[in-house]
Each structure stands twice: as C-alpha cells, then as structure tokens.
Amino acid sequence: MENKRKGPVVFSEIKSIDALKEALRIGRVGVLDVVRDSNLKGRGGAGFPAGVKWNLAASANDDKKYIVCNADEGEPGTFKDRVLLTEYTRLIFEGMIIAAYAIGAKKGFIYLRGEYRSIFPHLVNTMAEMRKENLLGDGILKNKDFSFDIEVRLGFGAYVCGEETALIESLEGNRGEPRNRPPFPVYTGYNGHPTVVNNVETLANIPHIILKGVKWFKSIGTEKSSGSKIISVSGDCKKPGVYEVPFGTTVKSILKIAAASDTKAVQVGGASGVCLPKSQFDRKIGFEDISTGGSIIIFNSKRDMLDAADNFLHFFQEESCGQCTPCREGIPVLIEGLELLKRGECDKKYLDDLLSLAETMQLASKCGLGQSAPNMFVSVVDNFKSEYKLSKNTRKENLFHG
Amino acid sequence: MAKKNFAQDTSRAPVSQRTQKFEKVAKGSLGATVKAVIDDIEIKVPMGATVLEAARSVNIKIPTLCQHDDLCLAGVCRVCVVEVEGQRTLQAACSFPITAPIKVKTYSAKVRRARRNIIQLLLRNHYGECYSCARNNNCELQALAKEYGITSYTFGHIGQPRYKQDKSSYSVERDMNKCVLCRRCVRTCIDLQEVGVLEASERGQNTKIVTYLDKPLNDVVCINCGQCINRCPTGALKAKDPSEEVWDAIDDPKKHVIIQTAPSPRAAIGEAFGLPAGTSVTKQLNTALRRMGFDKVFDTNFTADLTIMEEGTELLLRLKKKLKDKDSNVALPLFTSCSPGWVKYIEHFYPEKLKHISTAKSPQQMFGAIVKTWYAQKEGIDPAGIVSVSLMPCSAKKFECERPEMNSSGYKDVDFALTTRELAGMIKESGMDLPNLPESNFDDPLGTGSGAALIFAATGGVMEAAIRTVYEIVTGREVPFDKLRVKPVRGMNGIKTAELAVKNALPDWRFLEGAVLKVMVGHGTANARKIMEMLLRGELDDYHFVEIMACPGGCIGGGGQPIPTSPEIRKARAQAIYKEEEGLPYRKSHDNPFIKMIYKEFLKDGPCGHLSHKLLHTGYTARGKWIGNKKVVR
Numbered sequence: 001m002e003n004k005r006k007g008p009v010v011f012s013e014i015k016s017i018d019a020l021k022e023a024l025r026i027g028r029v030g031v032l033d034v035v036r037d038s039n040l041k042g043r044g045g046a047g048f049p050a051g052v053k054w055n056l057a058a059s060a061n062d063d064k065k066y067i068v069c070n071a072d073e074g075e076p077g078t079f080k081d082r083v084l085l086t087e088y089t090r091l092i093f094e095g096m097i098i099a100a101y102a103i104g105a106k107k108g109f110i111y112l113r114g115e116y117r118s119i120f121p122h123l124v125n126t127m128a129e130m131r132k133e134n135l136l137g138d139g140i141l142k143n144k145d146f147s148f149d150i151e152v153r154l155g156f157g158a159y160v161c162g163e164e165t166a167l168i169e170s171l172e173g174n175r176g177e178p179r180n181r182p183p184f185p186v187y188t189g190y191n192g193h194p195t196v197v198n199n200v201e202t203l204a205n206i207p208h209i210i211l212k213g214v215k216w217f218k219s220i221g222t223e224k225s226s227g228s229k230i231i232s233v234s235g236d237c238k239k240p241g242v243y244e245v246p247f248g249t250t251v252k253s254i255l256k257i258a259a260a261s262d263t264k265a266v267q268v269g270g271a272s273g274v275c276l277p278k279s280q281f282d283r284k285i286g287f288e289d290i291s292t293g294g295s296i297i298i299f300n301s302k303r304d305m306l307d308a309a310d311n312f313l314h315f316f317q318e319e320s321c322g323q324c325t326p327c328r329e330g331i332p333v334l335i336e337g338l339e340l341l342k343r344g345e346c347d348k349k350y351l352d353d354l355l356s357l358a359e360t361m362q363l364a365s366k367c368g369l370g371q372s373a374p375n376m377f378v379s380v381v382d383n384f385k386s387e388y389k390l391s392k393n394t395r396k397e398n399l400f401h402g
Numbered sequence: 001m002a003k004k005n006f007a008q009d010t011s012r013a014p015v016s017q018r019t020q021k022f023e024k025v026a027k028g029s030l031g032a033t034v035k036a037v038i039d040d041i042e043i044k045v046p047m048g049a050t051v052l053e054a055a056r057s058v059n060i061k062i063p064t065l066c067q068h069d070d071l072c073l074a075g076v077c078r079v080c081v082v083e084v085e086g087q088r089t090l091q092a093a094c095s096f097p098i099t100a101p102i103k104v105k106t107y108s109a110k111v112r113r114a115r116r117n118i119i120q121l122l123l124r125n126h127y128g129e130c131y132s133c134a135r136n137n138n139c140e141l142q143a144l145a146k147e148y149g150i151t152s153y154t155f156g157h158i159g160q161p162r163y164k165q166d167k168s169s170y171s172v173e174r175d176m177n178k179c180v181l182c183r184r185c186v187r188t189c190i191d192l193q194e195v196g197v198l199e200a201s202e203r204g205q206n207t208k209i210v211t212y213l214d215k216p217l218n219d220v221v222c223i224n225c226g227q228c229i230n231r232c233p234t235g236a237l238k239a240k241d242p243s244e245e246v247w248d249a250i251d252d253p254k255k256h257v258i259i260q261t262a263p264s265p266r267a268a269i270g271e272a273f274g275l276p277a278g279t280s281v282t283k284q285l286n287t288a289l290r291r292m293g294f295d296k297v298f299d300t301n302f303t304a305d306l307t308i309m310e311e312g313t314e315l316l317l318r319l320k321k322k323l324k325d326k327d328s329n330v331a332l333p334l335f336t337s338c339s340p341g342w343v344k345y346i347e348h349f350y351p352e353k354l355k356h357i358s359t360a361k362s363p364q365q366m367f368g369a370i371v372k373t374w375y376a377q378k379e380g381i382d383p384a385g386i387v388s389v390s391l392m393p394c395s396a397k398k399f400e401c402e403r404p405e406m407n408s409s410g411y412k413d414v415d416f417a418l419t420t421r422e423l424a425g426m427i428k429e430s431g432m433d434l435p436n437l438p439e440s441n442f443d444d445p446l447g448t449g450s451g452a453a454l455i456f457a458a459t460g461g462v463m464e465a466a467i468r469t470v471y472e473i474v475t476g477r478e479v480p481f482d483k484l485r486v487k488p489v490r491g492m493n494g495i496k497t498a499e500l501a502v503k504n505a506l507p508d509w510r511f512l513e514g515a516v517l518k519v520m521v522g523h524g525t526a527n528a529r530k531i532m533e534m535l536l537r538g539e540l541d542d543y544h545f546v547e548i549m550a551c552p553g554g555c556i557g558g559g560g561q562p563i564p565t566s567p568e569i570r571k572a573r574a575q576a577i578y579k580e581e582e583g584l585p586y587r588k589s590h591d592n593p594f595i596k597m598i599y600k601e602f603l604k605d606g607p608c609g610h611l612s613h614k615l616l617h618t619g620y621t622a623r624g625k626w627i628g629n630k631k632v633v634r
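Sequences listed follow chains V and D, in order. Quick note on numbering: the first sequence equals residues 1 to 402 in this note's numbering. Quick note on numbering: the second sequence equals residues 1 to 634 in this note's numbering.
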C-alpha cells in the first residue's frame, strides 16, 4: 500500500525504523541539529520552524515533557492527514519517537479529530505491534534510558482544537479554547510542562530527513521553503486527491495535476486561506508566497464567489470558540455584510467599515481562527469585484437586528 | 515577577487563566528586569510583567474590560490591544508578558481603529438603554464607548432581548442581554471563590454564561456572595433591589420603620458620592437616614457585640464540654456563622460538617429578633407594625432574611436588606449630598456598639473581637496586645493563624490553665475550601475557633459594596474601620453598657440561656450539591 503514492519526500521510499536507529546513533544533539539545519517548517499552515520548537523544548528544564501529534485535521478541504494516518502510520509514529528522543519526552499524544474515529482502532493496533517490537514502551530498541509511549485521544469535532493551545486545553479536559500566547507550549504546555505540538505531516517528514540528510532535504523545494507539501485537492476537477509536490510548485501546475478546466478561482489554505483569481495562478506554494496547510479547492466559472465566502464564514461562525470579541462578534457582522453585498444593498462606506472590521479581526483576534476568518471575505471583495455591485446607500434598518 | 493576584493560587482555574509562571523563562540569561519602551518612554520592568502593568507604572492608560486586578488574566475582550514591535498581530496588553526587551505603541492609528471596532462589536449585542440600567454612570462599557467617541452604532444594535432575565434568586439577578462575555463572573466564581456556579456554554455567537444546565440561579449551588456583581463591568449582574418596598414602608404612616446599619457600609458608601476609598461617613449617614424618614437609626454593632457574647460563650461551653467533661461528641473547632455566604457554602459543600458552625445567628438576624421583641416591648410598639430594614455590604444578607427559620420573634426577623449601593441610590434620589451632611448619632437603645463590633467589617475582626472578650472572661485580664490590636488576625493574607496561651485562669476556667488557644481566619470561599479540606484531613484537631468570611477582605469587600473593588480599595476601607475603632469609647463587646442592660432586663438567663437560644440561635440545612427535584430546564 505504501508504495502506491509517489512524491519527493514523505511519499518517497524509506525502510521502516532505519531512521530511528540512525537517530539513536547520532544522539539527541545530533537529531536536534539535523532538524534545525533542515529548516523544516511546521506543515499545519503557520510554518513555525520545527527545529526551533524542538530545541526550545529540549533545553527547557523540566522532568516531564510531552510530544503531541496534532491530528485534528479540520480545515475544510484538507484530508491529507487522514491519508497519512491510515497509510503511513508507522512513519508518523517513528517521527514521534524520534521527536520524543530529541526533546526528552516520555509520553506522547495523538490528538485525533473526532470525525476520524474510524482510524482509532488502526492506530491503537499499530501501537500494540510496535510495543511488541520494542519500538514503544520501556527501553526502546534496548536503550535502557529511552522510554516512550503514545496515547491516542479523540477530539470531539471542534475545529478550534487544531490550534495548539486549544488542543492542549482539550487534552487537559477543559473547554477547547486557545490560551494566551506567550507563554508558548514549549515552555508551559500540557499540564504546565514543556510540550511540542507538531502536525502529522511535519512528523512524517522527520524520518526521511534523519535518514537521508539535510543536504538531500534542502535540495527539494525552494531556498526559503525546503522540502515538499502534501496537498488535498478538491472541487471542480477531474482528479481530486492527495498529492505531494515540492515547494515552489505553481497553482497552475497543481491545476494540471488535478486535471481542472474552466477554473475561475482557487482557494489555497482552506477556509482560513486566500482565494486566488486567474491572474494569480502563477503564484507558488511556499512560505515566501502562499503558505498553506494543504488544502486546494478549485472553483470553475459556474461558481458564485460570494456564496463560497458565505459558506466559509458560516463555517467559522459555527466553529468560533466564542472567547474573544473580534471573532465571536465580527463573523456575524461579515455574514450580514455579505448578505447585503449579495442583494446589492451595501454602499462603499459600509464596505469600507467591513474591511476595517476584517483588518481588526485579523490583527486583534486571540488565535489563528479569528485572525484568518475574514481572509476569504477580503479575498473575494478584493479579487472578484465583478461579482457584486455596490449600492448608493446602506439602509440603516438593515443593521438593526433582533 | 509579575504582580500576583488574589486568585492565582486557586486549584480550579484552568492553566490558561492562571497567572502564568515565568520562572522557567526567567531562569535563562535575561535576569530579573527587562527594558521596555512604551510610547517612547523607556523603563525597566520586572521579568514577566505584562505590558499593561508596565504601562500603568508610567501612567499610560490602556483601556481594559475583561481584565480585573483581583482575577486571573483572560485576554478575551481584546480592548487592550497594543502594537508590539516585531509582532505581526496586535497583542493584548493585559496578557502579553515582557520577557525580552520590547517596544510598544499604545495608541497608534492601527490600535485606535481596532479598539473602536471592538467596542462597536461589544455594543452591537449589548441590549438595553443606559438610562434604564442600574449601572448607569458606573459601567465600564459605557465609559469605553465615551472614551472612544462612539456616537453611532457602525455595525448595528440589537433591538430585542435575546434571553429571559433570571430573577429566581433572593440575592442576585442576571440579565444576560447585557452580558459582554468578558467572563469576569466566571473567573470570580471559579477562580476567586471556588464555588463554580457560572461557566461559558455553547460557542461562537451563541456563547452564553450559564449555570449548571442553565437552571435558575436559585436552583444551583450559588452562595449569593455577589462577588460576580462587584466584578461585572456592565449591568448584567445586579443584586435584588428592595428600595421600592422600603420607600413604601417609609411612606406608610402606620409603619414604624427602623434601620440597622452594618459596620462596613459606613466605610464605603462615600465612594458612591465621589469620596476616595477609605473615607468613613458614619455620622453623616445617620443624618441622611433620619432625613429619609426612618423612624429610628440603629447600629448593627450592638448585635455584633451580642454575637460575641453568645458565640464566645458557645465556644467556652464547647471547650468546657470537651476538655473538662471529656465529651468527645463536641465539634471543635467552632466556626463563625456571621457570613451568610459562608453559611450557604458549607451547607452546600460540606453539609456533614455543619455541627462545627456556631448556632449563633448573624448580627443582622439577632438585631431583627431583638427589635421585634425587646425593643417593641420597651417602646410599647406592636411588632406587627415594625418594618425592620438593614443596610448591609452584602447580597447574601437578602437570602438570609428570607430563610424560613428566621422568625423566632413570631415575625420575620428582618424585612428588607439593602446593599450599600442601593442605599446610596436612595440617598441620591432624596437629593442629599451625603459627604456634606451634618453629623448625628445613632438612636438608643440599639445604637451603641463597641470597637470590637465595628471591626467585624474586616477579615479577622470577629476573631479579634472574640479574643478580646473570651480571653478576658477566662483570665480576668485584657488581651496581651498593644492597644488591644490583635495583629496576627489582621491583614489581607488569605489564611491567618494565631495562638494565645492561657495563664492564671480564673477559678471557673481552671481547666483551660496552660492551654494554648489556636485560632484561624480565612476570607473568600476559596480559602474556606482550603480550611475545610484541612479540617477533613484532621489538621485542625488542635484548633479551637475559626472565622470565615465568604468575601475577600471580609464584609468591606462584600457583594453589596460600591463598585469597583480592588485589593487597594478593600485595604483602604479596612484601614478606615480600624482607625474609627480606636476612637470609640468601648473597645470590647462585654464593656458595652447596652449589652449589660439587655442581659439584665431581657435575656435574663444570660448568654446561651433559654431565651437567647430561642431568639438568637438558629439551625442549618444540609443542602448538598444536588438541589431538589426541580425539572431540568434547557
């Protein structure tokens, strides 16, 4: 099964457990150096360097440390982690074991999206096998002082729990709401202990990097974005699916891979990403251009972009944790504003107010959810001007509700 | 280190809401202080101090809403956002810790625009008009709107209420239509008081602060302390206001309306008239009450002294039973019963330990019973025609009035309990400028209280008063403290202890010779919980007397006191009380001549005698955490 997919990094050939053996050979410091030098950035979307996270956690002075695999894949249009979790399970576990070894964690969690509960038994069974093989548990691969085990925890369908601090709150048994950052989880994470939270895909990269080396890894992708990105392609195309492409791949070439035609717009990065019009299809996937958690949603010319934005905003309205004002109260305002735009009842001044509000949400929301919630709205208003008409006056009674 | 607040050590706050610990971060190479440049002002701040604390230290005002000096940080309203150099997004000043040199702009165009939009969003679903709100002119949202020049609703405004008001409780009313979801009440209830009645439920724009299963407040384990009211920035929480009924009674010529005033309101009500915290207006208040039309103005301190006599005697009797009669069924330590919030707390959370609570009624209830018996007889007034009103710093006193057992005189002991805030409103309605009124005294015979009674207002006060009397009963000598100041039980530490060795005891109390009396004082129910857990673990076996007040700081920090509250304000109020106390002619409860008189004329069989037991003592209800078979309403 594992040979079915082809790709430059994660989907490339690797022999199971060789990387772990190599990691144990080069030692903790060796692993930390390799990961830092590889310039591997978080694949969840934010792109924080994994090596920095690991080094901070490794140097933190605490006898309890944790590694958490963020498998709360909830971004609309992403399904790559599901593929990785089912088809590359041991690779991810191996990445986690290496991470645990490097930072000094004895315990790890996989925080599995509630909707993925069907994968739960598979993960548990794989872990049981690995325990038998002395890859998990006490004295891994006969190293007396390296013990590590993993527990799978199910989320309950809250998108915001993909945000790492909300995830930790949820792990602790609290309402899944993002914490104030700083301090960051690498200092005070799960139960107040240093915790590294890495995306599934980030961890799947680790064994390859350890085994094949920094030079090999950096030869893939662009100068600022080393390696590859696994993308989930959906929407108006003939070949939707999960693909691994090197960073620097243009949107245009992704459309070709997916066999899309008559494309009007591409939403990169899911609901919280940006929506590109045709004129920007030459832009490249990468941290220096379009950063993405991996979702590519293709819209053909029959789609109404205001409807698409509306759909995304309703998603956020549903998923906002309700903690901070800009996100909780701002999203409904944007939804109503979009409604006015659709009906042609929004004037220039009110649209400017809405865009100012969108900026406030992007700047002042407590976590990434609120900060990116207005992105689609702004993209559509900026890039698809032909799809709406402004009125001369916004009727005030439209704004008074209840 | 960053400033510590009252709630930071509580066990129940989620990690995200506790004061963050920066020891781990600070252990690095950076040292104890960090350089911060705030709006071009360069300062050094302690490692881990927040941007808000740093700004305040140089008198730069950053607006806040969800932040409260008593509470753990939340960082949810986002009103306090500032620009931090090097950060992509704006940061909440209240929760952004300074752990490296930092440059901050607190009022740039970006910041002002964001704050304005956020305030607009808060106003959007804030239902109601300011002029019909109890918090008009004392509302943080209103103040913010003014400060940020809001003259119209950019993003609209709600026209209809969304939620039904909850007026089920005798003490606290909730109107969630005015709630701005700052969660101060949640943090107060969970972190500060460790009661945990309120929590956020649902998500996004459906988020709502609810009780357990959204039941009415009367059907959950609310202890009525009203600390949530004191910290609510808007009018979403208020105390049940009986001022109309009180006015009606005053206006009814057939009624004889008396008022007793508790010690702490006199040290706080001035704040409602613009006086700085810690300005006592006892005698001006008497004048105001008389002018309003109360027939008699009495002092709750009289029955505070009576409480000391009764509770002190109860303590000595329990000690005698235990130490002399070797009765192992006697529950010691004895816990005070003055604070109705604390009483309801133990009824809910530790019902199996109720025998530790003194059976003495609170001063308010003793007063009610005495007014409708001794006073009525003395003055030849039909008790049925007496309306007994109390001025209390407390919302839980309203509930206490309504306890069905509080009618030992044959009538309801106390008819109405007004909070400090409510009385301030009535005085304003009467057009009186309280601070500038002439002074006048309380009325006899229930208008004289000792200094010991006055200090009931502050945490440790009941204990200090009891020690002054009990020690003297046992030894015949004054307590061995300079100017009678029992310092170990004073101050704002959450839990205080003191020991007092008994030497040369009088013959009646010889069994106490050589004993060391051990006492403990706790305030805020979070500390009450700690003390109760100690009791359960057997760590209080050698303690004799424990004072607990439900509110942080004691009654001066009560849920009926003027808003706002803060550690500094409570400290100032307490200082005013201690200062006033030292000027009083009597400093010990048993010295109060009217106390001597009542035991001579009326309670002839003495403290804890038969009549005392009937009128001045009470029983408690083991409520537990599950209340009734009330239908679950969703």
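Think of the hints as simulated: they come from the structure by calculation, not from any bench. All values reported here derive from a predicted model rather than from experimental measurement. Treat the hints with care, as some may be off.
[To be verified] In silico DSS-like links for lysine-lysine, alpha-carbon gap of 30 Å or less: (1) K320/D / K103/D; (2) K483/D / K614/D; (3) K348/V / K218/V; (4) K389/V / K110/D; (5) K212/V / K278/V; (6) K240/D / K254/D; (7) K320/D / K487/D; (8) K64/V / K530/D; (9) K353/D / K483/D; (10) K103/D / K224/V; (11) K106/V / K4/V; (12) K110/D / K349/V; (13) K600/D / K349/V; (14) K215/D / K321/D; (15) K164/D / K103/D; (16) K212/V / K302/V; (17) K389/V / K6/V; (18) K353/D / K392/V; (19) K240/D / K348/V; (20) K142/V / K284/V; (21) K110/D / K385/V; (22) K254/D / K208/D; (23) K348/V / K146/D; (24) K144/V / K224/V; (25) K349/V / K146/D; (26) K614/D / K487/D; (27) K4/V / K349/V; (28) K321/D / K614/D; (29) K224/V / K302/V; (30) K284/V / K224/V.
[Unchecked claim] Chain V regions said to be covered by chain D (calculated; three or more residues, Cβ under 8 Å): (31) 85-91; (32) 388-394.
Ideal Cβ placement from N, Cα and C applies to all residues, glycine included.
To see whether the hints hold, each was checked on the structure:
no., hint, verdict
1, K320/D / K103/D, "violated (67 Å)"
2, K483/D / K614/D, "violated (36 Å)"
3, K348/V / K218/V, "violated (48 Å)"
4, K389/V / K110/D, "holds (28 Å)"
5, K212/V / K278/V, "violated (38 Å)"
6, K240/D / K254/D, "holds (26 Å)"
7, K320/D / K487/D, "holds (27 Å)"
8, K64/V / K530/D, "holds (27 Å)"
9, K353/D / K483/D, "violated (36 Å)"
10, K103/D / K224/V, "holds (28 Å)"
11, K106/V / K4/V, "violated (34 Å)"
12, K110/D / K349/V, "holds (19 Å)"
13, K600/D / K349/V, "violated (81 Å)"
14, K215/D / K321/D, "violated (44 Å)"
15, K164/D / K103/D, "violated (46 Å)"
16, K212/V / K302/V, "violated (46 Å)"
17, K389/V / K6/V, "violated (46 Å)"
18, K353/D / K392/V, "violated (71 Å)"
19, K240/D / K348/V, "violated (47 Å)"
20, K142/V / K284/V, "violated (45 Å)"
21, K110/D / K385/V, "holds (26 Å)"
22, K254/D / K208/D, "violated (47 Å)"
23, K348/V / K146/D, "holds (27 Å)"
24, K144/V / K224/V, "violated (39 Å)"
25, K349/V / K146/D, "holds (23 Å)"
26, K614/D / K487/D, "violated (35 Å)"
27, K4/V / K349/V, "violated (54 Å)"
28, K321/D / K614/D, "holds (21 Å)"
29, K224/V / K302/V, "violated (36 Å)"
30, K284/V / K224/V, "holds (12 Å)"
31, 85-91, "violated (count 0)"
32, 388-394, "violated (count 0)"
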